[in-house]
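K.L.:
Produce the complete structure using the sequences and hints provided.
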Amino acid sequence: KVHDSNFTDYQNSLGAIYIVRDPRNIVTSMANHYDISIDEATRIIIDKKKFLDKSHKNCRVFVGSWGFNFNSWKEFQNKNKYILIKYEDLITKKKTVFIKIFKFFDKLGIKIKLDIVKLNSAIKSTEFEKMKSLEQEQDFEEAPIDKKTGKRKAFFNLGPKNDWRRLLDKKNINIIESNFKKEMLELGYL
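Just so it is clear: in the sequence shown, position 148 is 167 by our numbering, and no numbers are missing.
Below are the BS3-like pairs computed for lysine-lysine, each with C-alpha atoms no more than 25 Å apart in a straight line: (1) Lys-112 <-> Lys-180; (2) Lys-170 <-> Lys-149; (3) Lys-105 <-> Lys-149; (4) Lys-122 <-> Lys-137; (5) Lys-149 <-> Lys-114; (6) Lys-143 <-> Lys-113; (7) Lys-105 <-> Lys-93; (8) Lys-200 <-> Lys-93; (9) Lys-100 <-> Lys-201; (10) Lys-114 <-> Lys-130; (11) Lys-132 <-> Lys-100; (12) Lys-122 <-> Lys-132; (13) Lys-170 <-> Lys-151; (14) Lys-190 <-> Lys-180; (15) Lys-130 <-> Lys-105; (16) Lys-143 <-> Lys-130; (17) Lys-113 <-> Lys-130; (18) Lys-105 <-> Lys-143; (19) Lys-132 <-> Lys-112; (20) Lys-105 <-> Lys-132; (21) Lys-149 <-> Lys-137; (22) Lys-113 <-> Lys-93; (23) Lys-180 <-> Lys-143.
Here are the in silico distance ranges between beta carbons for each label pair: (24) Ile-129 <-> Ile-192: 35 to 45 Å; (25) Ser-24 <-> Asn-139: 40 to 50 Å; (26) Ile-135 <-> Pro-163: 34 to 44 Å; (27) Leu-209 <-> Thr-111: 10 to 20 Å; (28) Lys-170 <-> Ile-135: 39 to 49 Å; (29) Gln-155 <-> Asp-134: 26 to 36 Å.
No wet-lab data here; the hints were simulated from the structure. For clarity, every value in this text was computed on a predicted model and none was experimentally measured. Yeah, the Cβ is synthetic: ideal placement off N, Cα and C, and Gly gets one too.
P.N.:
Written out as structure tokens, the structure reads:
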């Protein structure tokens with residue numbers, strides 16, 4: 020609950036497709052996107068009461084900590100209206116993941132014909148390097164603004180090359196792992 024209101028609600032949601040990512044990689048991605056330090060990004064993802072501030076692009080949004088967010092959506096498992104997708108599987112097993120999502124839609128009563136040719140085309144056209152190249156060719160509004168230069172930074176920054184083992188210091192690794200040990204064990208991240 021957030022301010023005595025349900026964070027997730029069966030009456031307003033048909034189901035939940037929850038995409039989870041190793042929080043150690045979220046920190047490095049978040050630091051780049053919001054132009055903040057790794058230490059600040061680590062503090063943000065462990066903050067159980069965290070709101071994303073209102074900006075010219077976004078309204079104020081409650082996110083809570085990484086663990087709170089992950090656990091809150093699992094409530095939909097009780098009604099068999101939940102599917103968990105690991106971001107890492109989207110990188111390594113794209114077709115398998117998308118077929119799993121189509122089966123989930125079917126289970127929810129959403130009838131969408133799976134066209135393997137279109138699926139293969141969609142996968143190919145949205146490869147990270149292709150998206151990165153498109154971003155360089157044309158404006159991409161979601162790209163963050165560099166606080167120092169005022170110019171857009173790459174939204175498609177590291178993608179699959181974002182590796183916390185190379186980018187995080189021991190202090191932040193320990194903070195993240197100690198705060199989310201239960202969830203990270205559940206997900207196979209530890």
